[in-house]
Amino acid sequence: MLQLKGVAKAWNKGTVNECHALKQLDLSVDDGQFLTVIGGNGSGKSTLLNIVSGLYVPDAGNVLLDGEDITEMAEHRRARWIARVFQDPLLGTAAGMTIEENLALAARRGKRRTLAWGVRRDEKLVLRDEVARLGLGLEDRMGSKIGVLSGGQRQALTLLMAALERPRLLLLDEHTAALDPKTATAVLTLTETIVEDYGLTTLMVTHSLPDAIKVGNRLIMMEEGEIVFEAQGEGKSGLSAGELLRLFHQAESLSA
Amino acid sequence: MSSILLGAAALGLIWSITTLGVFMTYRVLDIADLTVEGSIVFGAVTAAVAIQAGIHPVWATLLAFVAGMTAGLGTAFLHIAMKIPSLLAGILSMIALYSINIRVMGGSSNVSLLRRSTVFSGLTDKMPKNAAVIMVGGLVVLLVVGLLYWFLGTEIGSALRATGFNAQMARAQGISTRLMTLMGYVLANGLVGLSGGLLGQYMGFADVQMGTGSIVIALASLIVGEVIFARKGGLLLSLFSMVLGSVVYRIIIAMVLEAGMPASDLKLFTAITVALALWLPHVKTKWSGRRKNNATTEGRCESVE
Amino acid sequence: MRKVILAILILSLVLVGVACSKNDKPVIGIVQIAEHVALDQSYEGFCKALEDNQMLDKVELDFHNAQGDMNNLSTIADRFVSKKVDMILAIATDSAQAVAGKTKDIPILGTAITSYTVAGLVDSDEVPGGNVTGTSDMNPVAAQVALIQELVPTVEVIGLIYNSGEDNSVLQIRMAKEAIEALGLTCQEITVTNTNDVTQAVQSIVTKCDALYIPTDNTLAAAMAQVYSVTLESKTPTVCGADTMVYDGGLATMGISYYDLGYQTGLMAIKVLAGESTATMPIQYASASDLVTINGQVAEEIGFVVPENYVDSVIYPEA
Numbered sequence: 001m002l003q004l005k006g007v008a009k010a011w012n013k014g015t016v017n018e019c020h021a022l023k024q025l026d027l028s029v030d031d032g033q034f035l036t037v038i039g040g041n042g043s044g045k046s047t048l049l050n051i052v053s054g055l056y057v058p059d060a061g062n063v064l065l066d067g068e069d070i071t072e073m074a075e076h077r078r079a080r081w082i083a084r085v086f087q088d089p090l091l092g093t094a095a096g097m098t099i100e101e102n103l104a105l106a107a108r109r110g111k112r113r114t115l116a117w118g119v120r121r122d123e124k125l126v127l128r129d130e131v132a133r134l135g136l137g138l139e140d141r142m143g144s145k146i147g148v149l150s151g152g153q154r155q156a157l158t159l160l161m162a163a164l165e166r167p168r169l170l171l172l173d174e175h176t177a178a179l180d181p182k183t184a185t186a187v188l189t190l191t192e193t194i195v196e197d198y199g200l201t202t203l204m205v206t207h208s209l210p211d212a213i214k215v216g217n218r219l220i221m222m223e224e225g226e227i228v229f230e231a232q233g234e235g236k237s238g239l240s241a242g243e244l245l246r247l248f249h250q251a252e253s254l255s256a
Numbered sequence: 001m002s003s004i005l006l007g008a009a010a011l012g013l014i015w016s017i018t019t020l021g022v023f024m025t026y027r028v029l030d031i032a033d034l035t036v037e038g039s040i041v042f043g044a045v046t047a048a049v050a051i052q053a054g055i056h057p058v059w060a061t062l063l064a065f066v067a068g069m070t071a072g073l074g075t076a077f078l079h080i081a082m083k084i085p086s087l088l089a090g091i092l093s094m095i096a097l098y099s100i101n102i103r104v105m106g107g108s109s110n111v112s113l114l115r116r117s118t119v120f121s122g123l124t125d126k127m128p129k130n131a132a133v134i135m136v137g138g139l140v141v142l143l144v145v146g147l148l149y150w151f152l153g154t155e156i157g158s159a160l161r162a163t164g165f166n167a168q169m170a171r172a173q174g175i176s177t178r179l180m181t182l183m184g185y186v187l188a189n190g191l192v193g194l195s196g197g198l199l200g201q202y203m204g205f206a207d208v209q210m211g212t213g214s215i216v217i218a219l220a221s222l223i224v225g226e227v228i229f230a231r232k233g234g235l236l237l238s239l240f241s242m243v244l245g246s247v248v249y250r251i252i253i254a255m256v257l258e259a260g261m262p263a264s265d266l267k268l269f270t271a272i273t274v275a276l277a278l279w280l281p282h283v284k285t286k287w288s289g290r291r292k293n294n295a296t297t298e299g300r301c302e303s304v305e
Numbered sequence: 001m002r003k004v005i006l007a008i009l010i011l012s013l014v015l016v017g018v019a020c021s022k023n024d025k026p027v028i029g030i031v032q033i034a035e036h037v038a039l040d041q042s043y044e045g046f047c048k049a050l051e052d053n054q055m056l057d058k059v060e061l062d063f064h065n066a067q068g069d070m071n072n073l074s075t076i077a078d079r080f081v082s083k084k085v086d087m088i089l090a091i092a093t094d095s096a097q098a099v100a101g102k103t104k105d106i107p108i109l110g111t112a113i114t115s116y117t118v119a120g121l122v123d124s125d126e127v128p129g130g131n132v133t134g135t136s137d138m139n140p141v142a143a144q145v146a147l148i149q150e151l152v153p154t155v156e157v158i159g160l161i162y163n164s165g166e167d168n169s170v171l172q173i174r175m176a177k178e179a180i181e182a183l184g185l186t187c188q189e190i191t192v193t194n195t196n197d198v199t200q201a202v203q204s205i206v207t208k209c210d211a212l213y214i215p216t217d218n219t220l221a222a223a224m225a226q227v228y229s230v231t232l233e234s235k236t237p238t239v240c241g242a243d244t245m246v247y248d249g250g251l252a253t254m255g256i257s258y259y260d261l262g263y264q265t266g267l268m269a270i271k272v273l274a275g276e277s278t279a280t281m282p283i284q285y286a287s288a289s290d291l292v293t294i295n296g297q298v299a300e301e302i303g304f305v306v307p308e309n310y311v312d313s314v315i316y317p318e319a
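Protein chains in written order, with the working numbering: chain A, 1 to 256; chain B, 1 to 305; chain C, 1 to 319.
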């Protein structure tokens with residue numbers, strides 16, 4: 001489904017501050033995989049995500065989605081197949097528009113927009129049902145402006161919006177990092193439910209070791225722009241946070 | 001007396017179309033666009049020259065709309081393609097338009113419409129000029145508000161609004177924010193050009209200096225309108241508040257001049273009024289925050305502007 | 001805030017009510033586009049004409065300055081119409097256009113306007129045909145160019161500087177070029193768009209000419225100090241279109257004084273108030289056109305020797 005071949009990205013090349021965010025990265029993600037990516041600051045995990053989403057263009061290498069080369073494709077064009085949830089809960093929704101309008105926007109992701117009415121009457125019921133899935137009671141407030149909701153509620157909606165049109169790839173960029181522990185757990189559980197229900201291929205970047213182990217069926221650890229450790233299935237769920245941390249430090253000292 | 005109020009209303013209605021244009025860029029797209037000072041004159045000048053060339057006033061006015069759109073296109077190009085910051089892009093356009101406007105007028109700085117027929121001519125024989133302008137102007141305003149309200153509710157319009165609220169999110173939803181910004185610039189300045197075309201026909205002349213201070217007038221009208229309606233209610237109410245704000249602003253100016261304030265003090269007066277209007281909502285929140293009881297309803301955590 | 005706006009509206013209405021008191025004297029509404037020496041002088045001359053004819057205390061004057069804002073012009077015009085003034089004095093083209101657009105009945109006297117026909121104010125200079133008439137500030141350009149040759153007999157190239165965005169100036173420059181050609185001389189020209197460009201433009205043109213001619217251009221008139229400082233260094237004789245410009249640093253002029261023109265307008269106004277029709281009153285041009293003014297201080301500083309016959313025309317503006 002998703003392939004990265006020899007992807008490299010460096011910042012401030014040729015200066016004292018030169019930093020190689022990604023070095024010759026190769027990665028293959030199959031359909032239906034739920035991949036968690038962990039690593040310290042500067043490991044390149046966010047850069048990886050941003051290259052897949054189209055925010056950055058790599059210096060070298062290719063990004064292929066189902067065989068199609070999308071390396072240079074603009075962000076909004078890729079959005080046809082790739083959906084994204086940001087770390088900042090405020091970034092995923094438009095504060096001044098209503099829940100209904102936001103969802104209607106998401107429902108049109110990847111489709112050509114015309115002068116047809118923004119939220120069709122028949123659509124309203126469908127959207128309402130989708131919001132009800134979240135179990136947060138938001139379906140009774142479809143006309144409320146997003147701005148009055150809490151961060152957790154907005155993130156939940158962003159998640160729903162991302163999954164609504166069954167994207168080929170779902171990108172989660174430390175999406176629980178800015179939430180309080182209770183809300184973070186709720187959103188994470190929701191993530192698992194939605195991914196399973198919709199059967200989405202997912203890439204989740206996180207800095208929480210327990211989360212990375214618990215969620216998903218594959219894990220990679222990044223350090224200084226390279227993948228240094230990988231675990232799948234049993235090998236993954238059997239890991240403990242302590243072990244992972246040890247491996248983490250090992251990788252750090254190896255590359256130091 | 002009535003002539004003064006009618007005159008203010010007439011002028012206010014014509015200017016409200018500019019205010020609606022500025023609403024599009026400033027409020028919907030969150031861009032400060034100074035092209036206005038140039039595009040309003042461009043519209044006035046285009047209509048005037050067209051009428052002098054014998055073109056029917058209605059077509060001339062539509063040409064003014066097109067002229068405004070072209071000006072917006074220019075700024076959009078500077079900002080989107082050449083990546084010049086929006087404030088500077090607007091200023092550059094405004095400066096360039098000064099020269100362009102004089103060229104359109106064939107080297108003059110003033111084109112007279114006093115002896116020509118205008119869009120208002122059909123009615124001016126039957127009623128005082130200001131009343132005629134209010135009728136025609138009012139009709140155009142209703143049309144513009146109606147069309148804007150419909151447009152902003154369409155899929156494309158929603159995409160445009162989303163771009164203004166959160167460009168990152170819009171892109172993640174597959175919206176080309178560059179295209180939306182371009183559309184916003186073009187539509188907004190088209191409205192400003194239309195307003196200019198009507199303004200020139202109302203005043204009886206198009207002058208290259210007509211646009212000076214227009215962004216301030218538009219912003220002042222916008223803010224007066226928002227303060228009166230306290231920003232509650234939906235989009236339709238917001239649009240109407242722009243119109244009302246423009247008319248009220250003109251009436252206040254007329255009243256203040258009438259009461260004897262020297263015209264030289266008007267700019268200070270406008271500045272103080274706008275500053276007060278911008279400050280008052282904060283004072284209001286502070287006040288009502290203390291008096292309200294502290295019980296919060298479930299789910300209402302942060303309130304983000 | 002709603003209440004504050006409402007309060008302002010009510011207060012203003014009350015003040016207006018007080019201001020609008022009944023009056024038996026005929027009212028003359030005066031509208032001036034902006035502050036400017038020439039425009040101010042027009043008004044002074046106008047008032048003097050009324051005074052000299054014992055009319056000043058028989059009329060009420062309602063003066064307004066629009067401070068350069070066209071929207072204010074519109075509001076002021078509305079006021080005059082609403083008050084049903086008996087006559088309007090419109091100083092400068094935009095002022096006249098604004099009031100002419102609002103009323104076809106109230107007689108309008110214009111001054112400090114160069115071409116009434118181009119401005120769309122009258123059908124023709126001889127028979128205006130409507131409610132507008134007045135005086136034109138068209139300066140005797142040809143005579144002024146001839147003055148250059150008279151004062152500087154060795155002149156070969158005359159420099160021209162003006163704001164290409166000002167109608168009046170473009171017209172005058174065209175006339176100047178015709179006159180220069182007729183005298184068998186050549187010219188060089190340079191334009192500016194606002195007062196910021198003036199210094200550099202003058203510095204450039206003085207290197208290419210023997211003498212400088214500046215028409216009655218609002219931008220140049222406002223920037224005469226800059227012209228003066230450059231021509232002082234280059235010792236270039238500068239002939240201007242109006243005497244106010246000579247007072248501000250030009251060397252010499254021949255022709256109109258805005259004060260006299262205003263006075264002329266005042267005389268026309270008295271006739272209109274007495275019942276004469278504006279439709280048949282032709283546009284008047286400056287009558288005293290052999291008025292030479294020479295700035296004595298400038299003459300000394302640039303080493304210019306004042307000819308015998310103009311010794312009486314020398315003035316020394318107060319510092």
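In short, the hints are calculated from the structure, not lab data.
These numbers were taken from a predicted model, which means no experiment stands behind them.
Don't be surprised by glycine CBs; every beta carbon is placed ideally from N, CA and C.
Accuracy of the hints is not assured; some may be wrong.
Here are the simulated lysine-lysine pairs, DSSO-like style, with alpha carbons at most 30 Å apart [what the hints assert, rightly or not]:
{"#": "1", "chain 1": "C", "residue 1": "Lys58", "chain 2": "C", "residue 2": "Lys83"}
{"#": "2", "chain 1": "C", "residue 1": "Lys58", "chain 2": "C", "residue 2": "Lys104"}
{"#": "3", "chain 1": "B", "residue 1": "Lys267", "chain 2": "C", "residue 2": "Lys83"}
{"#": "4", "chain 1": "C", "residue 1": "Lys104", "chain 2": "C", "residue 2": "Lys271"}
{"#": "5", "chain 1": "B", "residue 1": "Lys267", "chain 2": "C", "residue 2": "Lys177"}
{"#": "6", "chain 1": "C", "residue 1": "Lys271", "chain 2": "C", "residue 2": "Lys235"}
{"#": "7", "chain 1": "C", "residue 1": "Lys235", "chain 2": "C", "residue 2": "Lys208"}
{"#": "8", "chain 1": "A", "residue 1": "Lys124", "chain 2": "A", "residue 2": "Lys145"}
{"#": "9", "chain 1": "A", "residue 1": "Lys13", "chain 2": "B", "residue 2": "Lys83"}
{"#": "10", "chain 1": "A", "residue 1": "Lys145", "chain 2": "A", "residue 2": "Lys5"}
{"#": "11", "chain 1": "B", "residue 1": "Lys126", "chain 2": "C", "residue 2": "Lys84"}
{"#": "12", "chain 1": "C", "residue 1": "Lys104", "chain 2": "C", "residue 2": "Lys83"}
{"#": "13", "chain 1": "C", "residue 1": "Lys48", "chain 2": "C", "residue 2": "Lys271"}
{"#": "14", "chain 1": "A", "residue 1": "Lys236", "chain 2": "A", "residue 2": "Lys214"}
{"#": "15", "chain 1": "C", "residue 1": "Lys48", "chain 2": "C", "residue 2": "Lys177"}
{"#": "16", "chain 1": "A", "residue 1": "Lys23", "chain 2": "A", "residue 2": "Lys214"}
{"#": "17", "chain 1": "B", "residue 1": "Lys83", "chain 2": "A", "residue 2": "Lys111"}
{"#": "18", "chain 1": "A", "residue 1": "Lys145", "chain 2": "B", "residue 2": "Lys126"}
{"#": "19", "chain 1": "C", "residue 1": "Lys84", "chain 2": "C", "residue 2": "Lys25"}
{"#": "20", "chain 1": "C", "residue 1": "Lys84", "chain 2": "C", "residue 2": "Lys104"}
{"#": "21", "chain 1": "B", "residue 1": "Lys126", "chain 2": "C", "residue 2": "Lys235"}
{"#": "22", "chain 1": "A", "residue 1": "Lys214", "chain 2": "A", "residue 2": "Lys182"}
{"#": "23", "chain 1": "C", "residue 1": "Lys208", "chain 2": "B", "residue 2": "Lys126"}
{"#": "24", "chain 1": "C", "residue 1": "Lys208", "chain 2": "C", "residue 2": "Lys271"}
Residues from chain C that face chain B, not an exhaustive set, calculated with beta carbons under 8 Å [to be verified]:
{"#": "25", "residue": "Gln67"}
{"#": "26", "residue": "Asn72"}
{"#": "27", "residue": "Ser74"}
{"#": "28", "residue": "Thr75"}
{"#": "29", "residue": "Arg79"}
{"#": "30", "residue": "Thr93"}
{"#": "31", "residue": "Asp94"}
{"#": "32", "residue": "Ala100"}
{"#": "33", "residue": "Ala119"}
{"#": "34", "residue": "Val157"}
{"#": "35", "residue": "Glu166"}
{"#": "36", "residue": "Glu178"}
{"#": "37", "residue": "Ala182"}
Original post:
C:Lys104 and C:Lys271: Cα distance at most 30 Å?
Top reply: holds (19 Å)
Original post:
Should the hint that C:Ala119 touches chain B count as held when the rule is a Cβ pair under 8 Å?
Top reply: holds (5 Å)
**OP:** For the pair we were handed, B:Lys83 and A:Lys111, check the Cα-Cα distance against 30 Å.
**Re:** holds (27 Å)
**OP:** Below or equal to 30 Å on CA atoms is what counts here, so check C:Lys235 against C:Lys208.
**Re:** The hint holds at about 13 Å.
**OP:** Assess, step by step, whether the Cα of C:Lys84 is no farther than 30 Å from the Cα of C:Lys25, and give holds or violated.
**Re:** Holds, at about 12 Å.
Original post:
Holds or violated: C:Lys84 with C:Lys104, Cα cutoff 30 Å?
Top reply: holds (12 Å)
Subject >> Straight-line alpha-carbon gap C:Lys271 to C:Lys235, limit 30 Å >> reply: Violated: C:Lys271 and C:Lys235 sit about 47 Å apart, past 30 Å.
**OP:** Return the status of the interface hint for C:Ala100: holds when the least beta-carbon distance to chain B is below 8 Å, violated otherwise.
**Re:** holds (6 Å)
Original post:
Between A:Lys124 and A:Lys145, is the straight-line Cα distance small enough, at 30 Å or below?
Top reply: Roughly 16 Å between the alpha carbons, so the hint for A:Lys124 and A:Lys145 holds.
Subject >> Agreement of A:Lys13 and B:Lys83 with the hint, judged by alpha carbon distance not exceeding 30 Å >> reply: Given that 30 Å is the threshold and the Cα spacing comes to 23 Å, the pair holds.
Subject >> 30 Å Cα cutoff - pair A:Lys236, A:Lys214 >> reply: Holds - the C-alpha atoms of A:Lys214 and A:Lys236 are around 9 Å apart, at most 30 Å.
Subject >> Pairwise hint evaluation, C:Lys271 against C:Lys208, where the allowed Cα distance is 30 Å at most >> reply: Violated, because 49 Å separates the two Cα atoms, which is more than 30 Å.
Hints 5, 6, 10, 15, 18, 21, 23, 24, 34, 36 and 37 from the list above are not met by this structure, while the remaining hints are.
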